[in-house]
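**Student:** Sequence:
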Amino acid sequence: MKICLALTKGRLETQCLDYLKQLSFDVDPLIEKGRRLCVETDQFKVFFAKGVDVATYVENGIADLGIVGEDILMEYQPDVYNLLPLPFGKCRMALAGIPKEKELNRKYRIATKYPKIARDFFQEKGESVDLVKLEGSVELAPLLGLADDIVDIVETGTTLKENGLVVKEEITTFTARCIANRSSLKVKRSVIMPFVESLGKVAAL
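Take 0 as the starting number for the sequence shown in numbering that gives the first Met the number 0 and just add one per residue.
Careful: at least some of the hints might be erroneous.
As the list claims (entries may be wrong) - Dumping the calculated EDC-like pairs for lysine to aspartate or glutamate here, alpha-carbon to alpha-carbon at most 16 Å: (1) K99 to E168; (2) K20 to E31; (3) K115 to E126; (4) K124 to E168; (5) K1 to D41; (6) K44 to D25; (7) K49 to E12; (8) K167 to E134; (9) K112 to E134; (10) K185 to E58; (11) K106 to E126; (12) K44 to D27; (13) K167 to E154; (14) K112 to E138; (15) K8 to D41; (16) K1 to D25; (17) K89 to E12; (18) K124 to E169; (19) K49 to E134; (20) K8 to E31; (21) K115 to E134; (22) K89 to E154; (23) K89 to E169; (24) K160 to E138; (25) K167 to E100; (26) K32 to E12; (27) K115 to D129; (28) K89 to E100; (29) K1 to E39; (30) K20 to D52; (31) K112 to E126; (32) K132 to D119; (33) K44 to E12; (34) K32 to D17.
Said to hold, decoys possible - Across the chosen pairs, the derived CB separations fall in these ranges: (35) M0 to N59: 16 to 22 Å; (36) R188 to E123: 35 to 41 Å; (37) T155 to S182: 17 to 23 Å.
Don't read these hints as lab results, they were simulated from the structure. Note that the structure is a prediction, hence the values are computed from the model and not measured. All C-beta atoms in this analysis are idealised placements derived from N, C-alpha and C, irrespective of residue type, glycine included.
Based on the sequences and whatever the hints tell you, model everything.
**Tutor:** Here it is as structure tokens:
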């Protein structure tokens with residue numbers, strides 16, 4: 000019985016495969032997949048998708064397990080088991096913008112890909128803001144006057160710096176997470192839990 004595993008494409012994919020290699024799993028077929036989005040190994044059926052789609056596939060039972068950024072779980076709140084943190088995918092969610100004081104004669108406007116996280120952050124501060132949902136490079140918004148500041152994930156800070164933006168306040172930090180479909184965890188427990196426990200052993204080091 001194979002585990003169906005959904006991996007987030009891109010940076011998390013690379014870091015996850017490196018991590019599995021440390022655990023002595025055979026990931027060569029996954030590394031050498033070319034443009035294929037679905038690959039089978041002796042132990043896994045693995046497919047690659049965007050982070051929010053990974054959560055959706057796991058929630059709907061298409062995948063037993065998923066590796067996804069914690070930001071996706073906070074923003075979209077899928078109905079999955081959030082099993083454990085992983086020692087990669089570290090980043091922070093921050094409020095950032097052009098380094099100047101707020102002088103507004105209207106409501107403070109924030110551009111973000113994460114409206115729920117941003118809304119919760121400002122509500123906790125007791126501030127009312129207008130949110131502008133963007134899907135692409137949110138760094139453009141304050142430069143072009145669409146928003147005053149942004150709420151976004153910051154890894155190295157290089158993109159912010161190159162566009163004249165600075166971190167004004169850190170909201171929270173994230174890592175990658177291993178998530179599970181609720182039914183799969185019951186039906187395939189005998190194969191899922193040894194794999195999850197092996198992830199946790201290294202994560203605890």
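**Student:** Does each hint fit the structure? Answer for all of them.
**Tutor:** Hint check:
With a C-alpha separation of about 13 Å, the suggested pair K99 and E168 falls inside the 16 Å cut-off, and the hint holds. Between the alpha carbons of K20 and E31 the distance comes to roughly 13 Å, so the proposed pair stays at or under 16 Å and holds. Our distance criterion of 16 Å between C-alpha atoms is met by K115 and E126, whose separation comes to about 14 Å. Straight-line distance between C-alpha atoms of K124 and E168 comes to about 12 Å, which keeps the hinted pair within the 16 Å bound.
Under the criterion of a C-alpha separation no larger than 16 Å, the hint pairing K1 with D41 is consistent with the structure, at around 8 Å. Restraint check: the Cα-Cα separation between K44 and D25 comes to about 12 Å, which is no more than 16 Å; the hinted pair holds. Simply put, K49 and E12 have alpha-carbon atoms about 10 Å apart, close enough for the 16 Å limit, and the pair holds. For the suggested pair K167 and E134, the alpha carbons sit about 22 Å apart, so the restraint of at most 16 Å is broken.
Note on K112 and E134: the hinted pairing holds, with a Cα-Cα distance of about 6 Å set against a maximum of 16 Å. A C-alpha spacing of about 14 Å is found between K185 and E58, which places the hinted pair at or below 16 Å, so the restraint holds. A C-alpha spacing of about 10 Å is found between K106 and E126, which places the hinted pair at or below 16 Å, so the restraint holds. In summary, the hint linking K44 to D27 is supported, as the alpha carbons are separated by about 14 Å, within the 16 Å threshold.
Under the criterion of a C-alpha separation no larger than 16 Å, the hint pairing K167 with E154 is consistent with the structure, at around 15 Å. The hinted pair formed by K112 and E138 meets the criterion: a straight-line CA distance of about 11 Å does not exceed 16 Å. Distance hint between K8 and D41 is unfulfilled; the C-alpha atoms sit about 21 Å from each other, more than 16 Å. Straight-line distance between C-alpha atoms of K1 and D25 comes to about 14 Å, which keeps the hinted pair within the 16 Å bound.
The suggested pairing of K89 with E12 holds, with an alpha-carbon distance near 13 Å, which does not exceed 16 Å. The suggested pairing of K124 with E169 holds, with an alpha-carbon distance near 13 Å, which does not exceed 16 Å. A C-alpha spacing of about 13 Å is found between K49 and E134, which places the hinted pair at or below 16 Å, so the restraint holds. Restraint check for K8 and E31: the C-alpha separation of about 14 Å stays at or below 16 Å, so the hint holds.
Of the supplied pair hints, the one linking K115 and E134 holds, its CA atoms being roughly 14 Å apart against a limit of 16 Å. Pair hint K89 plus E154 holds up; C-alpha atoms about 8 Å apart against a cutoff of 16 Å. With a CA separation close to 14 Å, the supplied pair K89 and E169 stays within the 16 Å bound. For the suggested pair K160 and E138, the alpha carbons sit about 10 Å apart, so the restraint of at most 16 Å is met.
A C-alpha spacing of about 11 Å is found between K167 and E100, which places the hinted pair at or below 16 Å, so the restraint holds. Taken as a hint, the K32 and E12 pair is honoured in the structure, with Cα atoms around 12 Å apart against an allowance of 16 Å. The hinted pair formed by K115 and D129 meets the criterion: a straight-line CA distance of about 12 Å does not exceed 16 Å. Restraint check: the Cα-Cα separation between K89 and E100 comes to about 30 Å, which exceeds 16 Å; the hinted pair is violated.
Distance check on the hinted pair: K1 and E39 sit about 9 Å apart at the alpha-carbon level, within 16 Å; holds. Restraint check for K20 and D52: the C-alpha separation of about 24 Å exceeds 16 Å, so the hint is violated. For the hint pairing K112 with E126, the CA-to-CA distance comes to about 19 Å; that exceeds 16 Å, so the pair is violated. In summary, the hint linking K132 to D119 is supported, as the alpha carbons are separated by about 15 Å, within the 16 Å threshold.
Simply put, K44 and E12 have alpha-carbon atoms about 15 Å apart, close enough for the 16 Å limit, and the pair holds. Between the alpha carbons of K32 and D17 the distance comes to roughly 15 Å, so the proposed pair stays at or under 16 Å and holds. Evaluation of the 16 to 22 Å hint for M0 and N59 yields a pass: the beta carbon distance comes to about 19 Å. For R188 and E123, the hinted distance range of 35 to 41 Å is satisfied, since their beta carbons lie about 37 Å from each other.
T155 and S182 have their C-beta atoms about 39 Å apart, which leaves the hinted 17 to 23 Å range violated.
When the structure is compared with the earlier hints, violations turn up for hints 8, 15, 28, 30, 31 and 37 and for no others.
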